[in-house]
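All chains should be modelled from the sequences, with the hints used to inform the complete structure.
From first to last, the protein sequence lines stand for chains A and B.
FYI, in my numbering the residues of the first sequence are 3 to 130.
FYI, in my numbering the residues of the second sequence are 109 to 426.
Please keep in mind that the hints were generated in silico from the structure rather than gathered at the bench.
Check each hint, because a few of them may be wrong.
What the hints assert, rightly or not - Here are some chain B residues pointing at chain A (derived, C-beta under 8 Å): (1) LEU132; (2) LEU205; (3) ILE417.
Glycine included, C-beta positions come from ideal geometry on N, C-alpha and C.
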Amino acid sequence: MSDPHSSAPAAESQAHASTDHGHGSYLLHARPYFMVGAALFIFTGITVALSYVDFDHLFNSHGMNIKIGMAVATFKVCLVGAWFMHLKQEKGTIWRPLLFTFFFCLGLFLLCLLAYTDPIQTTSHPLH
Amino acid sequence: MEIPYTVRPRPDTGLANPKLGIWLFIASEVMLFGGLFAGYIFMRLGAEPWMWPHGWLNVPVGTFNTFVLIASSVTIILSWEALKMRNYKAYKVWLALTWICGLLFLAVKLSYEWPAKFNHFGAYIKKEAAEKYEPFLGNEGPDGRLFRGLAPRLFISGHLTHQHSGESKAEFKAREHKAWADLKDPSVKTIQIDALDEENGNNPKSPEHDRAHFIPRDTVHMHEPVILQKSDLIYGYGPFYPKLNTYLACYFMITGLHGLHVLGGCIVFIYFWLNIKGGSLLYHTNHPQLCNRIEVAGLFWHLVDLVWIFVFPIFYLL
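This is how it looks when you write it as structure tokens:
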């Protein structure tokens, strides 16, 4: 959670250490967080509402509800990552390992889909 | 020995050590939960359509818990902002709200959601015996599930016992205890169910039961108890424990692990909140270090929130 208003949070903290800011002034900085929090509340409601719409039937395609539900969840996760975790202004040192894990996870999901589209029908064990 | 770079950034990484450490930890956690979600998807895609349950979890309660966790994500960041701005009182209040939200989340899960599952009975009927239980399954006939192009329902669930009018709580508990004991007793060949879930007990052929409902519906108290032959059931029947089916195994595994993370986060926040050496007293002795501690714990807490954002739709809604 590095400070969105500074690139050196620790140094700024030390600078603040000698002064006492007025009560409530932190709320001015916190406005975006309230807005993101409100957006997350709203999108949670949207996720619940969308789950009761039969998109599979509407688009005549299997798994549409899951795809749409996951798309909304991914958007919410992006909001948390970008704003609450301040990833949108983080350094490459943090991004690089995260990108690795992202691609490994993607690989895991891909393996599941491959197994689904090309399932093992039988074994070569002599007893089977 | 003094640990270097707990506050100031290291020249080579450009980050303070705790921050780099927590991000590497978060990366490993993403892999852990990513693996579990991948396993869940693998099993769900491979399951026969009628084996994968929908609408077993209480959506309003799950939604409430989601709101609680999102609110705690906001409060922890406000706590950190207040701390950086040297507003000690606000820091303490927001931090307290954060761990209260965390404990509230756990309380709902452990005192309501999980116990409700442990009191519920469920059984899968063998395909060859389905006809015997057709009045509770609603598959056959012109308005049955098969006619509507749906997978057959082969699952019966409800409560083994319910309290009769005029029956004392102690008598009911004794009867309930015996019913669960009979379930495990191999010499008892039948199972008696007093109350069925809506889709089994109240016109199972109704299209109303084709989709999950937002507000969970009551069980239907049967005039005559429903008798199941144990030999007609697939192994694993009993309370809604992980062994009943893959869905419940995944549900308890993933929400349990997530709950442990919530508990861990709460313990850390309470530690920082207390007026002890490594906690809030640092405000007076080493303010920047306390800021970093809250920042790092906050990042972990956002991960906990992030995981729940996926858990909620996957298990409760889809």
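query = Quick one, is the B/ILE417 hint okay against chain A at 8 Å, beta carbons?
reply = Holds, because the Cβ-Cβ distance from B/ILE417 to chain A comes to roughly 5 Å (cut-off 8 Å).
inquiry  = Less than 8 Å between beta-carbons is the criterion; does B/LEU132 satisfy it with respect to chain A?
reply    = 6 Å, holds
ask   = Holds or violated: is the Cβ of B/LEU205 closer than 8 Å to a Cβ in chain A?
value = Check failed: Cβ of B/LEU205 comes no nearer than 13 Å to chain A, outside 8 Å.
Of the numbered hints stated above, the single one contradicted by the structure is hint 2.
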